[in-house]
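Produce the complete structure using the sequences and hints provided.
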Amino acid sequence: MHEALFEPIKLGAISAPNRILMAPLTRARAGMDAVPTEIMATYYSQRASAGLIISEATGISREGLGWPFAPGIWNEAQVEGWKPVTQAVHAAGGRIMCQLWHMGRIVHPDYNDGQPGVSASATTAPGHTHTYEG
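In my numbering, the protein residues as written are -5 to 128.
Worth flagging that the hints you see were computed from the coordinates, not collected in a lab. Since we're looking at a predicted model, the values are computed, not measured. Check each hint, because a few of them may be wrong.
[Claimed, not checked] Cβ pair distances, simulated, as ranges: (1) Ala85 with Gly25: 19 to 25 Å; (2) Thr123 with His(-4): 36 to 42 Å; (3) Glu32 with Thr117: 36 to 42 Å; (4) His(-4) with Ala114: 38 to 44 Å; (5) Ile54 with Pro78: 29 to 35 Å; (6) Glu(-3) with Ala17: 17 to 23 Å; (7) His(-4) with Met26: 39 to 45 Å; (8) Leu19 with Ala119: 19 to 25 Å; (9) Trp68 with Gly108: 16 to 22 Å.
Every residue, glycine too, gets a C-beta built ideally from N, C-alpha and C.
Given below as structure tokens:
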């Protein structure tokens, strides 16, 4: 039964050499500006033997980002920062896709220049959240 795990599969436009998918993991290795870093390229390229890598949660807007050192993809610097990551994965024979992320009512004002996050809910989540300050 486990032999199928190592057989190729087609997922939409993606042809993968095996059925192993690397689940997204929040790594917190981007800069404070949410730009991906060199260590992210190293991390993902080391895992290129998976059939498909799903990147860590990647913020789609400043108003929706709510985790310290999480990467974003809403501005040109962030898009450019992802290029070495995807190039490193591709150079190692891998495939990678971006997990888009919006944290909704979990967003803390510390991530948004003191402004509340944007959410479908008018309230923020109760309790505490992880910020750059702790």
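Of the hints given before, which are not true for this structure?
5
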